[in-house]
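So the chains spell out like this:
Number of protein chains: 2
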Amino acid sequence: MNVAVLAVGTELLLGQIIDSNSAWMGEELAGAGIDSLVQVKVGDNVGRIEVQLRRLLDDADAVIVCGGLGPTHDDLTRDAIAAVAGTELELDESIVEVIRAMFESRGRTMPESNVRQAMVPRGATVIAQTRGTAPGLICPIEVGGIDKVVYAVPGVPHEMRDMVTRVIVPDLVARSGSHDVIQSRVLRTWGESESGLNERLDPIIAELESPETPTLAFLASGWEGLKVRLTAKAASAEVCSARLDHWEQRIRDELGDLVFGVGEATMESVVLEELRGRGSTLAVAESVTGGLVGARLTAIPGASDVVLGSIVSYSSDVKRRLLGVGPGEVVSESAAREMAHGARDLLGADVGLSLTGVAGPDEQDDQPVGTLLVGIVGPGFDEVRRVSLPGTREQMRQFSVITALGLLRTALGSAPRG
Amino acid sequence: MNVAVLAVGTELLLGQIIDSNSAWMGEELAGAGIDSLVQVKVGDNVGRIEVQLRRLLDDADAVIVCGGLGPTHDDLTRDAIAAVAGTELELDESIVEVIRAMFESRGRTMPESNVRQAMVPRGATVIAQTRGTAPGLICPIEVGGIDKVVYAVPGVPHEMRDMVTRVIVPDLVARSGSHDVIQSRVLRTWGESESGLNERLDPIIAELESPETPTLAFLASGWEGLKVRLTAKAASAEVCSARLDHWEQRIRDELGDLVFGVGEATMESVVLEELRGRGSTLAVAESVTGGLVGARLTAIPGASDVVLGSIVSYSSDVKRRLLGVGPGEVVSESAAREMAHGARDLLGADVGLSLTGVAGPDEQDDQPVGTLLVGIVGPGFDEVRRVSLPGTREQMRQFSVITALGLLRTALGSAPRG
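Protein chains in written order, with my numbering: chain A, 1 to 418; chain B, 419 to 836.
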């Protein structure tokens with residue numbers, strides 16, 4: 001079973017948007033043991049979409065077309081698929097009703113052009129939209145006597161991702177006829193480079209050579225650290241799980257504290273759990289990150305039992321007046337400590353976390369761009385850490401968030417529980 | 419003259435690296451008036467590279483192959499091009515000498531494997547490497563009696579960019595014999611659906627049919643509203659600009675206040691400019707968004723002359739104690755108003771902006787998930803708006819940010835300057 005992806009959109013060819021959807025799909029497919037053959041970008045031109053789709057179907061067992069399902073005149077994916085399948089588009093009234101209801105629930109009237117989104121090639125199945133107005137499509141197509149399939153998904157990333165994980169990957173696995181079960185487990189690490197991890201895991205990787213052992217891959221996740229993904233293939237889910245358990249433990253024995261979580265765990269979810277386990281509340285004082293730390297922590301449902309809030313003291317005056325930062329530089333060890341204490345006291349929390357630093361483009365208080373000071377105060381710890389971070393202004397801010405959360409996790413982990 | 423790009427690398431197909439090189443090339447080519455036909459990603463497999471290259475050469479006048487020029491066994495671009503051209507690879511001793519000298523200048527000995535990089539298909543011209551060890555290639559190929567060309571460049575972005583701007587784009591322009599210029603202009607809109615915009619612009623779109631008029635496309639940008647892109651092609655940059663000016667004005671006349679900026683403008687940059695123009699400072703009180711509004715505003719360099727900071731009052735106690743929210747529900751018109759006033763007073767700002775609402779998963783204060791209340795107070799305005807937002811918890815929070823900033827923009831725009 002091999003799959004091609006066709007990303008549709010003139011804005012992709014013109015470089016106005018970078019096609020990250022295809023990369024995401026490639027990673028998902030690989031995780032499910034499905035080969036990616038080729039990935040193509042084409043503009044909003046029905047003839048060109050048709051030509052590419054026909055060619056991809058010559059070699060691939062399945063093609064996922066991404067984008068071009070909107071309601072406007074340049075959304076042409078439905079037309080191209082119908083042409084390649086040699087069939088007609090038909091209006092599906094039930095889709096019209098779903099779209100109409102979606103608009104009405106927001107107190108708006110459905111524009112007539114949205115009816116385009118309810119046109120379906122004859123013989124196709126609809127992938128219900130749970131998030132946007134565009135439904136996806138599953139269109140069986142016979143090519144040279146072989147049964148193949150074309151999927152269509154919207155180009156909006158969260159709509160696309162929902163349909164690929166919920167419907168398309170399971171459908172591909174079912175079509176592949178394999179009865180093997182594939183399971184992946186992702187260990188989240190933070191604090192070591194890819195080559196460093198690779199070196200430490202080299203002896204383990206050397207053992208992962210037989211069909212009975214999982215495969216191991218490193219996945220970069222930007223400033224969020226590195227993922228170590230184990231993928232096992234076996235006749236049953238139980239065997240997969242047992243193998244993943246065994247090798248996860250081997251990796252944890254080697255990497256120790258570098259592993260901060262598994263699967264969907266994030267640094268903020270781990271920190272929240274740790275604080276919740278202690279019955280501690282948190283107050284944050286942010287300067288350089290402008291609110292990013294609070295925003296990330298409160299992205300998690302139920303954060304309100306731990307996170308009381310934060311003071312974004314972007315101006316020096318607010319740092320001094322509200323948080324009690326003394327005279328002297330505001331990018332300094334003492335200011336970071338005072339901010340952490342100030343936020344904790346002002347909000348009445350058990351633990352205080354502060355960030356002050358220089359995101360650039362200009363240096364500040366004689367500190368170079370990339371300087372970050374993190375203050376952490378709570379029962380059993382009162383410390384300030386200085387780090388130097390790389391990257392552009394926005395990268396430095398994002399690195400600052402994960403760095404501060406990582407340092408808080410370490411401080412909590414090494415302090416005795418009250 | 420139309421061009422295809424073939425990006426080579428298994429890591430691209432597996433999604434371990436996002437192919438931003440192709441997007442960059444698409445933008446460069448468009449800027450030089452050269453059409454992009456299609457862009458393809460393929461793995462490090464000589465047979466598959468060959469198949470794709472042959473297909474691309476069927477339709478395109480030129481193909482740029484990016485990647486696969488390194489010294490290792492999975493760098494196969496040279497071999498594939500030679501196969502498609504029906505010729506042999508020959509060792510170019512002068513390239514060996516350049517690479518050897520490059521290693522020696524760093525005090526190292528050239529590994530024997532680097533000799534691979536000096537293999538050149540017979541008949542090809544070399545693009546001298548100024549930055550890496552891999553030279554690029556220009557390979558003329560006759561396809562069906564038509565003279566075409568294949569370029570090869572390294573996948574390392576700065577090496578690729580150097581060769582494309584220095585050699586390939588000028589070579590393509592010379593081959594095309596055309597002197598047309600292409601220019602795009604993007605109008606940012608917020609507050610109307612794609613189909614709604616389409617309907618309002620229908621009469622204008624109907625006029626955009628001749629070669630003398632720009633093309634128009636809608637680009638979704640998630641919760642950030644919609645972009646309307648005009649692309650003009652003409653003999654000179656002056657004519658392009660004049661046409662874009664004309665049609666931009668036509669669109670603005672139709673859409674009015676829905677257009678909040680042009681090109682790289684964002685809602686937060688527009689709001690900051692508006693505040694800066696009035697000499698006003700801003701304080702924010704955030705609950706449901708947890709810090710996202712402050713984070714977005716301070717992502718812009720130089721925000722500190724406008725943004726004093728924000729109070730993330732996630733707990734009700736902080737809302738009451740720090741911001742002076744009275745007894746009663748904290749998701750309510752009165753709480754939103756008190757939060758905006760409270761943040762403004764506490765931080766000593768001219769303008770206060772507040773957000774309180776329900777992101778879910780559960781309702782709060784008898785208000786359904788999706789409820790957002792925005793308070794805006796400043797010279798000439800003191801208002802609260804209630805809106806109902808769709809989506810998941812995180813989508814609701816992101817929609818809240820752009821909604822609040824959009825409402826602040828409108829309030830500032832309609833209030834008299836002090």
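I should point out that these hints are in silico values taken from the structure, not numbers from a laboratory.
Ideal placement from N, C-alpha and C gives every residue a C-beta, glycine not left out.
Fair warning: there could be bad hints in the mix.
Stated by the list, open to error - Taking CB as the label site, the calculated pair distances span:
hint: 1; chain 1: B; residue 1: Ile623; chain 2: A; residue 2: Glu209; range: 44 to 50 Å
hint: 2; chain 1: A; residue 1: Val239; chain 2: B; residue 2: Ile623; range: 57 to 63 Å
hint: 3; chain 1: B; residue 1: Ser752; chain 2: A; residue 2: Gly263; range: 56 to 62 Å
hint: 4; chain 1: B; residue 1: Ser752; chain 2: A; residue 2: Gly107; range: 48 to 54 Å
hint: 5; chain 1: B; residue 1: Glu691; chain 2: A; residue 2: Gly348; range: 54 to 60 Å
hint: 6; chain 1: A; residue 1: Asp257; chain 2: B; residue 2: Arg618; range: 54 to 60 Å
hint: 7; chain 1: B; residue 1: Arg618; chain 2: A; residue 2: Thr213; range: 55 to 61 Å
hint: 8; chain 1: B; residue 1: Arg593; chain 2: A; residue 2: Arg166; range: 19 to 25 Å
hint: 9; chain 1: A; residue 1: Ser195; chain 2: B; residue 2: Ser806; range: 48 to 54 Å
hint: 10; chain 1: A; residue 1: Arg175; chain 2: B; residue 2: Ala546; range: 46 to 52 Å
hint: 11; chain 1: A; residue 1: Pro368; chain 2: B; residue 2: Thr505; range: 30 to 36 Å
Violations among the numbered hints = Failing hints, ascending: 1, 3, 4, 5, 8, 11.
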